[in-house]
Amino acid sequence: MLRKTAHCAIGAFGALAAFFVATGAFAEGPADPWPGLVADIFQNRAIGAADGAITLEAPARAEDAAIVPMTMRFSDPTQIKVATLVIDQNPMPMAAAFTLGETAGVGFIETRVRVNSYSNVHAVAETRSATLRADAKFVKASGGCSAPAVKDQDEALANVGKMKYREFKSADPAKREAQIMIRHPNASGMQMDPVTRAYLPAHFIDSVEVWRGDALVFKMEGGISLSEDPAFRFSYAPNGAKTMRVEAHDNKGGVYKGEWPIGEAS
Amino acid sequence: MSLPSESQSQKNAAPSQVATPCMKQETLLLDSILRCALALVAVAAPLAVARAAAPFSLREIAPGVYAHQGQTSLMSRENLGDIANLGAIVGDEAVAVIDTGGSLIEGRAFLAALREKTQKPIRYVINTHAHPDHTFGNGAFVETGAVFVGHKNLPRALAARGDYYLAAFRAQMGDALDGVTIVAPTLTVDQSLTLDLGGRKLLLQAWRTAHSECDLTILDENSGVLFAGDLLFLQHVPVVDGSLLGFLDIADRLASIPARQVVAGHGPMPAPWPKALDDERAYLSRLTADLRAAIKKGESVAAAAKEAGAEERGKWRLFDDYNARNATAGFAELEWEAP
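Residue numbers (the numbering used here), protein chains in the order written: chain D, 1 to 266; chain B, 1001 to 1339.
Hints in this document: simulated from the structure, not taken from any laboratory. For clarity, every value in this text was computed on a predicted model and none was experimentally measured. Wrong hints could be hidden among the right ones.
[Unchecked claim] Derived DSSO-like pairs: lysine-lysine, alpha-carbon spacing no greater than 27 angstroms straight-line: (1) K252/D to K219/D; (2) K1296/B to K257/D; (3) K1297/B to K242/D; (4) K1201/B to K164/D; (5) K1296/B to K242/D.
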């Protein structure tokens, strides 16, 4: 569904491209899906330049197509309402949308995504004044036999729902850094089993809420473009809460919960 | 073969079965492979003609054991995907083929070269794992009637990755990918399986996730030659597409296989056994130690991927193509063991 408008755009572009191909003046390449994605994900709202409000850090090349680190940084966390990560050329481009807690002070979110082919990646911030700002990076596809697939399907299913919480040293007591990790195949489905001829069902995490005490740090809504074993590393402003609490849901109704004591700042 | 090359190929193939002076036989062989390859290519991919002209080398490394050494390179339009080592083992009654190459063109050249060595029926085509450089030639062997054999996880690995591989390598190899189809095994190996070729037994062993989630090794008990698939890399930096810890563990356990020499998935062949494992174990150990240290320090995956394993750079080819990838996947795996 997300690709619907992208297809519409190809008609007009296609005729033009055909002309250039025929005259040998145009290198072949897929149509830019971004305008269609802006329509589907952001209802065609105007998107301004990032101007530092949001910065996307992405590798120039996807080393492992299944695990490509992406970091979104926010210059003023109090001004960011939602940060959305879009892998333009993926089958399901909307990788994750993070709604940030109003007082959470999230300075950055790092996660890992699948990158199927050469693609622009967009990080779009919706500010609290309801404007959209975007940063983008071009990521080259990985080479070799790297595929955006689950590494070990048995292992992934055996451990589904296990969670891990990590804390990192921080020099600034007003800024803490932590990471949430959730075991999950986050599998796309869509492939046919050659023996049974049945389609493998999709099985992925579609929401994750992270709370410090009773205050939201962020809520993530995502899909199959997130890597298996979704991981989120982030900074936040401590609020005196003693625990970090996580609740994750997957598309098959699985609910996974975890709670950990927040350590001393060091 | 049902293509126009059939008569040419048959005509030229015949003399190779009778005793002829070595030089002459070689010339005939080369000539027929060339004609066969060219004719096939002309039908399958006209633009690839010039690039397919190199003869397909298939060397007898032990009595009845043939092997082909692929280039240490990434798959490309120019090399037709010919980057992996391939093999064939000939028993009294039948032949087993081990991996088929990185394109239909290469698979057909391999089959033609093998037919110059033996006319015995090809009973089995064994895939050591799912990767394109080892399986994209499968289609060339379908019409031989061979049974395709693989790890119990191979069918699902091909299901999960096959379409992606076809699309990704079309971009990388262009028309050299023409005709490639995904052919899954119908005989799968859960733990181990013995195949009898007549007076010659092959021991197939399925391993837990290491290089990939479907690694299979083949030991020819007569000659003591082990085909290790991509559980062994020589000179070509090891590639981790399954589990770094699993790979380390299996590399240790492989050493107890009673083989005399080994054909690695990539690199010089045959190589002495088990000494051939030394470099790979050193690399995997170094990478694991570096990643554990980076995780302990709280580094990000992106930063760790740039540094981990760097000390090994000078010892391997294609290091910059694969090391950061191994480090990235290894980081995500090892992070789960951190406190």
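Right, here's what the structure says about each hint:
Simply put, K252/D and K219/D have alpha-carbon atoms about 19 angstroms apart, close enough for the 27 angstroms limit, and the pair holds. For the suggested pair K1296/B and K257/D, the alpha carbons sit about 25 angstroms apart, so the restraint of at most 27 angstroms is met. About 24 angstroms separates the Cα atoms of K1297/B and K242/D, which keeps this hinted pair within 27 angstroms; it holds. Taken as a hint, the K1201/B and K164/D pair is broken in the structure, with Cα atoms around 47 angstroms apart against an allowance of 27 angstroms.
Proposed proximity of K1296/B and K242/D is supported: the alpha carbons are some 24 angstroms apart, at most 27 angstroms.
Hint compliance for this structure: hint 4 is the single one not met.
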